[in-house]
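Number of protein chains: 2
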Amino acid sequence: MKHIDPEDALNALVELVADDLLACNRAIVARMDSPVELIPQLAAHIVAAGGKRLRPLLTLAAARMCGYSGLRHVNLAACVEFIHTATLLHDDVVDESLLRRGLASANAVFGNKASVLVGDFLFARAFQLMVEDGSLRVLEILSRAAATIAEGEVLQLVTQNDLSTTEERYLDVIKGKTAALFAAACQVGAVVAARPDAEEVALAEYGMNLGIAFQLVDDALDYSADQATLGKTVGDDFREGKITLPVLAAYAAGDEDERSFWRRTVETSEQVADDLDHAMLLIVRRNAIQATLDRAATFAAAAKASLEVFPDSAYRRALRSVADYTVCRAR
Amino acid sequence: MKHIDPEDALNALVELVADDLLACNRAIVARMDSPVELIPQLAAHIVAAGGKRLRPLLTLAAARMCGYSGLRHVNLAACVEFIHTATLLHDDVVDESLLRRGLASANAVFGNKASVLVGDFLFARAFQLMVEDGSLRVLEILSRAAATIAEGEVLQLVTQNDLSTTEERYLDVIKGKTAALFAAACQVGAVVAARPDAEEVALAEYGMNLGIAFQLVDDALDYSADQATLGKTVGDDFREGKITLPVLAAYAAGDEDERSFWRRTVETSEQVADDLDHAMLLIVRRNAIQATLDRAATFAAAAKASLEVFPDSAYRRALRSVADYTVCRAR
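First to last, the protein sequences are chains Y and R. With the numbering used here, letter number 235 in the first sequence gets 235, and the count goes up by one each step, no holes. With the numbering used here, letter number 12 in the second sequence gets 12, and the count goes up by one each step, no holes.
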């Protein structure tokens, strides 16, 4: 694959739906409001303070690619971002994270209690927005996605510290916790455009494959020395004993000494100062980052193939580029 | 008011909708299932292990009082219980409670992480059930209630440890965190029966007033020596610095020594061994339990009055008795 600047790949999409994205950001700010002031304060900390808006961008672009000319997709893209934000707030509580997107996490600033409750509020507000939109089909897709996300997160909890987790089960986790919302975000684009089932399915498959690729790359980056050089956090998954493909691949390929290291650090969580460095060394030695990125590239290719049912357009090209972006941001 | 055995008052309602309640309990168990086994395990701990099913009972009885003869209300009653259960799971995490209904709370047994995530699952599942039902009006009512619950809970967090909280603001908290779901549970009964707006409004008002009365009594019981005698937990609100009417009334009526006691224990949370006993003594001295129960009785009477638009029936009598039950359980 030729080198693509990841920022360029995403920017093409952002430029293409620039007006829709502005409208979506306005809807996000307007609809996270509440007479209970702590809610917009805390929500602003996480919703308004950054993030790439990747999931709402998918809804916006998918709808336009399907020829939709109305504005319903704007509020539905905001719904998707609210559901995502709610899960981030709850994830940070669950992971006891102190950082999110390089800033202090909401739970670190406002406390766990407020983060749980504002997550609940955003989740409920997302459903209110969907009800205003009035499509039971959209409600069906996004309520199923919300349930699947929670199932994926619980499954992740169950597999934590368990090196006997199979790759299949790991894929179930990331399909649930990440890819289900990508799939729903894309599918909704076809629904508002009233496209036939085959196009709904194609967009859902695109989003599912894209989401899996995205999470695989995320999981690889968590052990990437390059990320450490860039000043980004690495090793969160390692410290939490999360079972991800880099660890499973390094463990499977490791000798007895290496396996014993992984058992101590990941299964029993007995970690000392240099363990993360050693883990990263073993992961490089066993080619486990590359193995993970190769898997991601396969899913990204599948995502692009899912778009073949649509005629060529600037939107389709941009969505194909997003698949490249997902993989290239790791290089 | 004449003495009514609280159990009798609730039992009349339970007997009247016995078949519906059985069907609702079956729906609850069937629909909290998931291939991720920890979800039904944890949910069973809280959903199946007790509780009076008061909220779903309200939906069932309201629908029947409105002449509804179908079965949609059964699944919608299960939705109401799922939303309630999700908020209980999140509440216990927020409050760091170790007990729920006299048993170890889910967070104490399964951990905070699983409780947050299974709460999210039940919430999403509730919306899936509503989507299956297919009424946008029901979805509107229950998604608004869900947002209002979260607002009430956040407002409670904001008023915690703050003795300058007004009684009006305290009422806003309990309307949100408790009464909004009672109101929605009742209103949904009129919706499935396709009754005119006036009856929807009347049932929503009944539920709102009932819910306020219910929470006022709960807040009184948390300082009740009788409860302590019965082996039930008292003093949770006190220990958490929650601002409830018994405290506000005792603080308002207290002398300078008493106010200084409340400021130390509730505002700065500096509590020592005998403080709860002393708080209960001051609350009795200032007649604050009685003042709270009197307020509850007023709301219970308003709840009963809201039912006047409906013709007399066994269901209406049972719903009136529930209002009595709410108040009598404190006596």
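The hints are simulated quantities; they were obtained by calculation from the structure and are not laboratory data. Among these hints, one or two may not hold up.
Since the list can't tell identical chains apart, any single copy or any two copies may satisfy a pair.
[Stated by the list, open to error] Here are the computed lysine to any residue pairs in the SDA-like style, where the Cα-Cα straight-line distance is at most 25 Å:
| # | residue 1 | residue 2 |
| --- | --- | --- |
| 1 | Lys304 | Asp133 |
| 2 | Lys175 | Asp33 |
| 3 | Lys304 | Thr233 |
| 4 | Lys242 | Pro35 |
| 5 | Lys242 | Thr166 |
| 6 | Lys242 | Ala108 |
Comparing the hints with the structure gives:
Proximity of Lys304 to Asp133 under the C-alpha cut-off of 25 Å is found in neither arrangement, the shortest distances being 29 Å within a copy and 36 Å between copies. Proximity of Lys175 and Asp33 under a CA criterion of 25 Å is satisfied inter-copy only: 19 Å between copies versus 31 Å inside one chain copy. For the homomeric pair Lys304 and Thr233, neither the shortest alpha-carbon distance inside one copy (30 Å) nor that between copies (59 Å) is at most 25 Å. Taking identical chains as interchangeable, the C-alpha atoms of Lys242 and Pro35 lie at most 25 Å apart only when they sit on different chains, with a minimum of 20 Å there against 38 Å within one chain.
Only within a single protomer do Lys242 and Thr166 lie at most 25 Å apart by alpha-carbon distance; the minimum there is 13 Å, versus 46 Å between protomers. For the homomeric pair Lys242 and Ala108, the shortest alpha-carbon distances inside one copy (21 Å) and between copies (22 Å) are both at most 25 Å.
Of the numbered hints given earlier, the model fails hints 1 and 3; all others are met.
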